[in-house]
Amino acid sequence: MTDPIEAPRRKNPLLRTRLPTSPPRARSRTSHGFTRAAAEGRFMLQRCEACGKFTYPAREACPMCLSARLVFVDAPPRGTLLAETTARVPSDVYFRERAPWRVGLVKMDCGPTMISHLHADCAEGVAVRMSFQLDKSGQAVAFARPEAETPNMADDRQWREMSADPKFRRVFVTNGRSAIGREAALALKAAGANVVFVGIAEPWRPFAGEELLRGQDGIELVNFDAANEKSTGDLAADIGGKVDILVNTTEYVRPGGLLDRKGTSIARDEIDHAYLGFINLAQAFGPVMRMRGADGINNSVAWVNILSVHALANWPAFGAYSASQAACLSLSHCLRAELRPGGIKLMNVFTGPVDTEWFQTVPPPKVAPRAIAQAVVAGLRGGLEEMYVGDVAEEIRQRLAANPKALERELDR
Amino acid sequence: MHSKTLLDLAGAIASGAVRVIDLSFTLSPDFPVIVLPPEFGQAAPVRIQEISRYDARGPAWYWNNVTFGEHTGTHFDAPIHWFTGKDLANNAVDTMPAKDMIAPACVIDCSAQAAQDPDFVLTVPIVEAWEARHGRIPSRHWVLLRTDWSKKGWRDYSNLRDDGAHTPGPNAAVMKWLVEERGIIGFGTETIGTDAGQAGHFEPPYPAHHFLHGAGRYGLQCLCNLDQLPPIGAIVVASPLKIQNGSGSPLRVIALVSSA
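These protein sequence lines are chains W and B, in that order. The opening residue of the first sequence carries number 4 in my numbering; numbering runs sequentially from there. The opening residue of the second sequence carries number 1228 in my numbering; numbering runs sequentially from there.
A portion of the hints provided could be inaccurate.
As the list claims (entries may be wrong) - Just so you have them, the derived chain B footprint on chain W, three or more residues with Cβ under 8 Å: (1) 198-212; (2) 227-238; (3) 264-273.
Claimed, not checked - Listing some non-contacts, in silico: residues in chain B with all C-beta distances to chain W over 10 Å: (4) S1230; (5) L1263; (6) P1272; (7) T1322; (8) A1330; (9) E1430; (10) Q1471.
What the hints assert, rightly or not - Derived DSS-like pairs: lysine-lysine, alpha-carbon spacing no greater than 30 Å straight-line: (11) W:K233 <-> B:K1379; (12) B:K1313 <-> W:K265; (13) W:K233 <-> B:K1378.
No lab work stands behind these hints, which were simulated from the structure alone. Note that CB positions come from ideal geometry on N, CA and C, so glycine has one too.
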């Protein structure tokens, strides 16, 4: 079993904060099939369409029949640990700092043998559950965990390098005025966060559910308006150095596309809140988060955006809003790359219409704010990069992959 | 008028014999704005974006880009702001007569009543009682309603509840009377808006806007330091930005007060 991690003590101000380092980054283009799988929390391997055999690592041709028809498909993740070893003095800086480090060979039930990082509770000859995880350089690596839950499983030292578990971490939820922000704050606190700072813009304006947040142990309301450059700078000056997980719950939903709207003032508000707010947030909090990527048990680990799935495919009924979300999605890829040297994960949580007032006339299925909050926690624990919450989001993901043009036509109604 | 009078005024300002009182709030992103139902267009709050601050973006200078709605912070309402004033001549901030930007003020202190009742409304009898002490309100004077509302924290200042804002203001009768019987040049308040928070339920709705602007008069709101003004004798200088066809603008409102 794993020893539970202990609540981090206050930092010793005489010690320098360790800078983040990264594990090796080079991958072949084909190997990014695993990156995609890891980003979404799926276990995928290449399988030969000619002979049906699974293969690993990524190849250009099937080692069994030499066919080039290798495609990434979801694969059964069960295997058995054949052998394990512990690297005590690795030459790579990242692993040297984290040594001893266990790796092993896992014989997969579906065929291939994989070299893998190991959870401490994996024993030779025993079944394991294999997954692809994104490491601190953002690349997919194989990680074997015990097949069944073990005590304090998520506290494993090597696993915690792959995940962004809220336990003992300090979280900043940027917008607590929305139901999503409120639920996210409560869910992250319940998931073991040390403290959840919750941004409240325009505190003079009452909002629904305020009493649920106020006075809650471990939840701290802070004056914060992402669209206000000074506000973001001021708050980062106060708490920037202790934000380990940032959850961007900016929400500015207005119906309408182009022709049935008049002028640009609503679009400007959408951009102001969602896009410029994102820039303000990133510039204020990003640099210090990136610098604190190796800062102990409660190092900074993740940035989360809640985005409309219509960032991926415009929904004309909410067309201008979709465009503002697409802009944020693009920006998120920039931020992901810029946070990379710190080992900070950037997770986008895509949702369909949420069960809130602005989607009142939209028929179900709609996503409950609590489901989004739970997805955020699950995604952080799993170390994911992309999540699709609810039926609409999942359907759009699949239809976009199948035929984007068909999706465009079908959203136009 | 003899030019010496103006020089005397300048001298009096320099010597402190005439005090200059700033009636304006700082134009800041934190200042509450009027809240309309969300399906309506909204007043943009103040945004201040740094262009450079003695840094790589401009090594020797500091400056900002600033954006805001016309009705943000301490601001001026021109007649064109309301439907009743839409067809008047020279009804926008760029075309209004410059001489209207300087006028004397009568200050009616209702701070005690407003402290008791956030929905306090100014009525004709209250103004008549004020006139009994200070004399008839002369024409082309501002009437400024002192409530000490400007001294509140922002939440109490907006005082939004589930049935709307609860802040003091004038009733319909007194606005019609001030405009038609007293010929005031405008009406000023410390609250967000010349009208009471619940004035949407008055008849007509928003009577200060309705009657003032319908008659080509002006509004000032989000004023502060009214407690430093005498009931009569202060001169208000209120010159809005010259925004093309503007319905109003944030501005620096100052008052000249004789300290003698």
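With d taken as the least Cβ-Cβ distance between E1430 (chain B) and chain W, does d exceed 10 Å? Since the minimum Cβ distance to chain W is about 28 Å, E1430 (chain B) lies beyond 10 Å and the statement holds.
Count the residues of the segment 264-273 of chain W whose Cβ falls closer than 8 Å to any Cβ of chain B, and tell me whether that reaches three. Contact hint for the segment 264-273 of chain W vs chain B: holds, 4 residues under 8 Å.
The segment 198-212 of chain W covered by chain B? Criterion: 3 or more residues, Cβ-Cβ distance below 8 Å. That given contact holds, which follows from 5 residues of the segment 198-212 of chain W lying within Cβ reach (below 8 Å) of chain B.
Given the proposed pairing of K233 (chain W) with K1379 (chain B), does the C-alpha separation stay at or below 30 Å? Distance of about 23 Å is within 30 Å: holds.
Find the nearest Cβ of chain W to the Cβ of L1263 (chain B) and say whether that gap is larger than 10 Å. L1263 (chain B) is indeed farther than 10 Å from all Cβ atoms of chain W, at 12 Å.
Per the stated criterion, does the least C-beta distance between A1330 (chain B) and chain W lie above 10 Å, as a non-interface residue requires? Nearest chain W Cβ is 32 Å from A1330 (chain B), so the label holds.
Taking 10 Å as the cut and beta carbons as the points, is S1230 (chain B) off the interface with chain W? holds, 45 Å
Please confirm whether Q1471 (chain B) is truly not at the interface, meaning its C-beta sits more than 10 Å away from all C-beta atoms of chain W. Its Cβ never comes within 10 Å of chain W, the nearest being 16 Å, so this holds.
For P1272 (chain B), is the shortest beta carbon distance to chain W beyond 10 Å? violated, 8 Å
Taking the closest pair, is the beta carbon of T1322 (chain B) still more than 10 Å from chain W? The assertion about T1322 (chain B) holds, with a minimum of 23 Å to chain W.
Are there at least three residues in the segment 227-238 of chain W whose beta carbon sits under 8 Å from a beta carbon of chain B? This one holds; 6 residues, not fewer than the three required, reach chain B with a Cβ under 8 Å.
K1313 (chain B) paired with K265 (chain W) [C-alpha distance capped at 30 Å]: holds, 20 Å
Violation of the numbered hints given earlier is confined to hint 6; every other hint is satisfied by the structure.
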